[in-house]
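Heads up: the protein sequence lines correspond to chains A and B, in order. Its first residue numbered 1, the first sequence is counted upward by one per residue in my numbering. Its first residue numbered 348, the second sequence is counted upward by one per residue in my numbering.
Any given hint could turn out to be false.
[What the hints assert, rightly or not] Chain B side only, calculated, beta carbon under 7 Å to chain A, not exhaustive:
| # | residue |
| --- | --- |
| 1 | Met433 |
| 2 | His441 |
| 3 | Pro442 |
| 4 | Leu446 |
| 5 | Gly458 |
| 6 | Leu481 |
| 7 | Asp483 |
Worth flagging that the hints you see were computed from the coordinates, not collected in a lab. Backbone N, C-alpha and C define an ideal beta-carbon position, used for all residues, glycine too.
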Amino acid sequence: MKRHLISAADLSRADALLILDTAEELAQLADRPIKKLPTLRGRTVVNLFYEDSTRTRISFEAAAKRLSADVINFSAKGSSVAKGESLKDTALTLEAMGADAVVIRHPASGAAHRLAGWVRGSVLNAGDGTHEHPTQALLDAFTIRRRLMGGRRGSRKGGLGGWVPPGAGGSGGLSGSSPRASTANTALDGLRVTIVGDVLHSRVARSNVLLLSTLGAEVTLAAPPTLLPLAVGSWPCAVSYDLDSELPKSDVVMMLRVQQERMSAAYFPSVREYSRRYGLDAARMARLPDHAIVMHPGPMNRGVEIAAEVADSSRSTIVEQVANGVTTRMAVLYLLLGGTEFPAVTQ
Amino acid sequence: MCAAINQVAGRDGVAGRDGLAVLDAEEIRRALTRIAHEILERTHGGDEVILLGIPTRGVPLARRLAGRIAEFEKLVVPCGSLDVTMHRDDLRLHPARALGRTELPADGVDGKTVVLVDDVLYSGRTVRAALDALNDLGRPRAVQLAVLVDRGHRELPIRADYVGKNLPTSQREVVRVLLAEVDGQDAVMIGEEGQP
């Protein structure tokens, strides 16, 4: 694995599977009386947040704390950034305090990449502008794998999924052999994922397209033409303007939030029209195959891209995604910080 | 201490491409049979005993021991695995390693006699990590240790309760346990450093 996690494209298929398998083992921790491991004792993780965030910041904080790292939370509000300090000066301050890893969220695309050139520790991109959010893609892939590639799923037609490489399962003598055994080292080959909505402003969409295609899934973007980036033709995915025709063949539907705070022009006539053409309501959900799941990275605009009854249905994995976020981020922190320290970068 | 046969190995094994074979499949089978009997003896018939193998090769060994015990006493001893990676003291000396699996019997470890099972006992550091890992999982009534090979050179005050074979070695030598479940054959090999 590389030293930083800035883009989902940094991850090879083997890296991604290692992270997912590690997360799978760490997921057991949630059921234990002591939800903590001593692995990162004495390491410092800085959460550097220039943008508002609830779940990502809390999730990274919980992940680092469960691995016994020291966590320093930094939010732009109420810090020297309000007095005009630059990203570089802030980074050097953190560097002087000895951060082993910096988790950064920033409104400017590319901020994480710039930061990686200035600090000695690992940089984890927790969302930079409209560019990438790789840990969200990892937790989404983890959620999809748990829901659809485990042995428990009943209705999916044979052939795909549930495949166990020789030697990976075989929990013969173990009492209570669990479904976990069957997902180890499994990718998402052949699964069809449809990502719906505001792709243009979504870092989640870009990271997911890159990671899910690395893992072998077939990704389709369904969005109005105005909400697709110009370069979408070079992405490893298909594009459709018609959501209804994509639904019956989707194993996973991932709804994106309409990011009105990033919209500087009129991308669609009205919220109501957007919702009618690209929102997921109960009638549309009924067109999905029986095994299909509905995902949303949060925060949701209920009634815009997703109807409340869909968000609260048993097919929705939205709450699961939050729980899986902590485990996936623990896996990433462990794999980046748990081993040998990387040699210092020479200036 | 272990009352049984801890005789010193004569270096009369068969040389192969992995070095010298000091235990063959039959000898491993006999050693495990003896350990299974010793566990039953020392725990008064295997009451409230759990076997926890340390990945990778401790896990099949624990399963084999459970199989023997089931054969001798018609007693089902719960069997699981305990990954110690996250508790190791040498994590920072290597790149981050992939995790093994921890799988506990449904009833947990509280109040049970846990027998940790591993292939080779050397510095004792893995066992220390296992004790720490176990500590986070519950409070066993007692913890015992069973190993197939004890090769000496302890760096911590740790000893095994059940030993398949005491194997005096030099620290330059490498001891490898091969098991059919993982490696396709049963053998204990000893070789010089650098050999596989």
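Discussion item. Of the numbered hints stated earlier in the document, which are not met by this structure?
Written reply: 5 and 6
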